[in-house]
Structure formats: structure tokens, C-alpha cells
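If you're matching them up, the sequences are chains C and B in order.
This note's numbering puts the first residue of the first sequence at 16, with every later residue one more than the last.
This note's numbering puts the first residue of the second sequence at 16, with every later residue one more than the last.
Be a bit skeptical, because a hint or two may be false.
No copy labels: a pair is met if it fits in one copy or bridges any two.
[Claimed, not checked] Here are the simulated SDA-like pairs of lysine to any residue, each with C-alpha atoms no more than 20 Å apart in a straight line: (1) K233 to L218; (2) K208 to Y181; (3) K139 to Q154; (4) K242 to R222; (5) K323 to D40.
Keep in mind that the hints were calculated from the coordinates and are not lab data.
There are 2 protein chains.
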Amino acid sequence: MKEQDLFPLLEGYNNISIFTHVRPDGDAIGSSLAWAKALIMLGKNVEIYCPDVIPERYSFLPGYERFQDQFLPHKKEKLLAFVLDCSDLARLEYMESQMSQVEKIVNIDHHITNECFGDHNLVKTSAAATAEIIFQLIQENNLELDQEISLSLYAAISSDTGSFRYKNTTPQTMRIAALLLENGVNPYLVSEKLFDELSLNKLLLLREALYTLKVDEKHQVAWMSMKESTVRKYNASPAELEGFVNYAKNIKNMDIGVFFYHGNDGETKVGLRSKNSDVARMASYFGGGGHPLAAGCTVKGRAGQVEKKVLKIIREAL
Amino acid sequence: MKEQDLFPLLEGYNNISIFTHVRPDGDAIGSSLAWAKALIMLGKNVEIYCPDVIPERYSFLPGYERFQDQFLPHKKEKLLAFVLDCSDLARLEYMESQMSQVEKIVNIDHHITNECFGDHNLVKTSAAATAEIIFQLIQENNLELDQEISLSLYAAISSDTGSFRYKNTTPQTMRIAALLLENGVNPYLVSEKLFDELSLNKLLLLREALYTLKVDEKHQVAWMSMKESTVRKYNASPAELEGFVNYAKNIKNMDIGVFFYHGNDGETKVGLRSKNSDVARMASYFGGGGHPLAAGCTVKGRAGQVEKKVLKIIREAL
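With the rest of the complex left out, here is chain C (with noise of 0.2 Å):
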């Protein structure tokens, strides 16, 4: 499909469901909120739903509050659907058996594992963020571009491309970026929303897994670990740890960081990360995988003997 053949397949709906993937990022709710307002600015009737609850941290995206986490599609009228940033419609976990009730699934994504699993597919895997595409049909078919949805897009692709500081961010992504600027986004606002603001429990927690920093200088690994414990003493949640596991690994002359968190059920989950070895292979060995600089696994065991068995393979893998 090409970006122009949209606006004819457009013209046969009133009634528009947007999807995005479970744990949802800046992109897939960038990318729903930006499309979502430029389909009712042509007069659609359009839902947003993602299988999960929008991160708080998205408010001040313009829109926040239309997501819904029940799909309750429109009985009345044919549905059009677009499923935004989902390599495959498994992304949308519980939502995926009722796109039987959707007349036609456009899928829209930039993942180089997508599965062209919709009716329509406008898979772009050179852009940074499904958001560049979203920026593309929005030209292509010279919708409006207000700031509102600028906001969006920008939001989206800072947040796919770590603001612009990934692989992935290309020229293109930079001069949508300036056009996006332009249209009266303040680069500040999102970046503080993003990647600035930190919970309390994120910088407790952090000063804990901190104590428990070791390096092993010889093998350019360094580790940190949890106990759910010390979690729940804070009263705070797992998803406060990601990210941790890159302060070990963003050591100088480290290669290699690991994070053990330590389950009450006695499994334990492993995060690797590199700067230039394959730790996808290393996570295999126990049944994990990943991508080569960023992966995971789970152990079963006790903490130590988990940690140390861990530790083998990683240096014997080097």
C-alpha cells in the first residue's frame, strides 16, 4: 500500500478503531493520538484502544484520556481499523480474537519483524517510529498538521529514537523533526516528560541496586541485583527498575551489565545488556533471547547460585 491509496479507502468509513501493542511506548501512543486527531478532523468517528493502561506519564499528550483498554467495537457500521507499532496482531494480547468484528485491518508499523498481517500494509522499516509514517500519510494526503498532533508525532519519535540518540535516527528523522518544531513544539516539555521526570521509588530503588554494584574488571562485566522484598518494602512496582540494568552496563571499560531480580517464587529475572557483544546467545543458553545488544532470560534457583551460574556463562561465553 502506498501512502496515497489511503484517502480512497478512507472515504468508505465513518467508523474508525485505532489499536496499539500491550505495554504501550511513546510511538504506539504517539502515533494512535496523532492519527486519531487527524481522522476526526476529516469527520471520522474513531476509537483508540490499547490492551493496557496508558503510562500516566503520557498526559500531557493531547487526547490521553481516549484510550481505552475494552474494545467495544461499533455494531451498526462497517469498521475500519488501523493497528499501529505491531509486528504481529499477538500485540494486542486479548483484543487480537475480536478483530474478527473489523470490516478491513490496516497495519502500520516499522518493525522489521512485522508480519503483514493486515488487509493493508504499510510497513517502513527505515523509519525510526511508526510515528514517521503516521507523518507521512498526514503529508502525502495534505491533511492538517496543527500543533496538537505535532505534538504528538515529536513525542513519538523522541521516544523511539531516546531523543534522536539511537541507531535508527536517520536524516529524515531529523528534518521531520525540524517541521515538527515548527509547528510550535517545545523539544523541553517532551523531553522533561519522557526521559527526565523520576519517581522517588525509581531513585530509592536505584540507590539500593547501587549497593549491590560488582565488576569484574578482567571480563568487562559488571552487575547489579533486587529482591522483590525490597521492591514491595517500597511499596513500588518492577516496572521501576527499568533502565537500571544500563548504569552497569554504561561503565567505562565495561562491556557487559547484568540486573538479577530475584522473584519470591524463586525464579529470577535477567537483564543483559552490551556495548558490543552478543548477549542474545548468552540469554539462550537458558532459554532467553533477545537482540544482541539487549536481552533477558529467567533462571530458576537461589539467588546466589543464580547469579554465579549466570556469571560463568557470561565469562566463558566472551
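Got chain C sorted already, so can you dock chain B onto it with the hints?
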């Protein structure tokens, strides 16, 4: 002075010295290296001076080793000097007095406080970084923009905008970044070097600092402290404490973050950051100053007393 007027000026000089400021940041270093390379490709003899040693984290920038911290002017021929990223000549510290040996000074800067001290002044306060002005100089004069120059300029811009996060980021900043990426710059490499890399000492000091974290929810103030003796215990430099104050400021629902560094000499250096309040005004009460959202002061007295006094002033000023 306009960009196009530069070329005729350059024709009169074979020997060119580039100067940048004490405690050089990424913009100072990247702009100087980029401009030096552009002039070398024009066949000039170029020296680069900075009154401080260049931090090792910038060693990935091509030409890094060319920086000299002793100004030894060419004696035989007349000398043209470019002073980059300096609001006044005092930023050159002990090198300032030696500027009398220079025939002409070209002042290139983006700071609003620039004193236009040069024989020629190219001061653009709308530029996010001095590197943006260097980019325009290179473009307007049709000089070659090779991959090395592009890398230095990109690092400079990324550094001064916090990877396109600060308020100074403009559409023009993004458009320049797009062109630099097209020249083969790897944004991931730059951000890894500039933003991600942590020293082990920094993490260990962060752990110590987090142990002192206190929060006043009513007044939305959070603070941390550290003694000089703690820094010495780790054989670390106080420079490692840079940015710690932001952890306090970035806590959700907090407005002001404070960091107290208690020196062995009975003086406390106080760093103040805010999301919304004018902390420069608070710092000025103690003879300090800065920007509204980022300020500092030095206060004499016993550690506990100083903390009490400063927090009292903050609470009263709110």
C-alpha cells in the same frame, strides 16, 4: 560581520590560532576542531588553544590531540585569531593577556552575554551552539564539509542541546543535524560517548549521594549532600558530581533540587536547579548567581547549619 565577509579576511593570513574557553564543553571542543579542519583544508597553518586540558571523553573527535594548553604564538608572521564560544576574553583565563600578540581577533559565539570584544564579531544568539555558526560559515563560503568536520559539529550541537532536548533546540538545529547525519555521522556513537559513559567512581558517589536524599513534599524541594572527604575516599574528582543535582530536581512533583558539597575548608558549594522557580534569586541571597533555572552559591559555615540556612531561604522565597 557576515559569513561571506570571512573569506576575504582569511586571504590575508597564513597563520591562524583558534582559542576556546576554560572548562571546555562539547561545543567549545567540537566547534574548534571543525573550524580548524576546515581552515587546514584551505592550506592554513592552524593551532588550537584551550587554557584547560581537554577531557578524555572527547578523544573520539578527530584532531583531539591537536589542542594545546600553552599559547606559543607564531612570531615571524602576523596572526589571525578565532575565539570560539566565549562571551568575553576572560574565558581564556591566562591566555587573555597573550592576545596582544594577535593582529586581528574574530569573535564567534552564540551567548546572549557576548561582549563583542573582537575586531570582527559573528555573534548569533539564536544559534543553539557555536557549531551552528561554524556550519553556516562553512556552507556560505563553500568550504568542504567532510565526515570529520561533520562529526565534530554534530557532537558540538548534540552536547549544547543535551541531544536536542533543551529549549535552545530549533528547527534550524534539526535541519543542520540532518545534513551532518547525511555526511556519515553515527548518532549512536556520539551519544554513547557524550551522554552514556559513566565512570565507576561516579556511580559509587551517586550511591553515597542518594543515601543523603531528603524530600520536602510541601515545598517541593529535594536535596542531597556530599563531603569532600567522601570524594577523597574514592580517590575521585569533584567533577564527577556534575549532574547529581538533577536527580533531586527531576523527582516527580518536586520543583527545586539542591546539592550541597561540603568542602574541607569550611565552605559549602550549593548547586540549585528548578523546573519552574527562579533559583538565581535564591542564590543571590548568598552572593551567588546563574540562570533562573540553574544557579549556585558558596556559603561558609558548619555543614548542617549551611543546609538549614539555605533551605530556609528557599522555602521563604517560594
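Check your understanding: Can you list which hints this structure breaks, lowest number first?
Key -> 5
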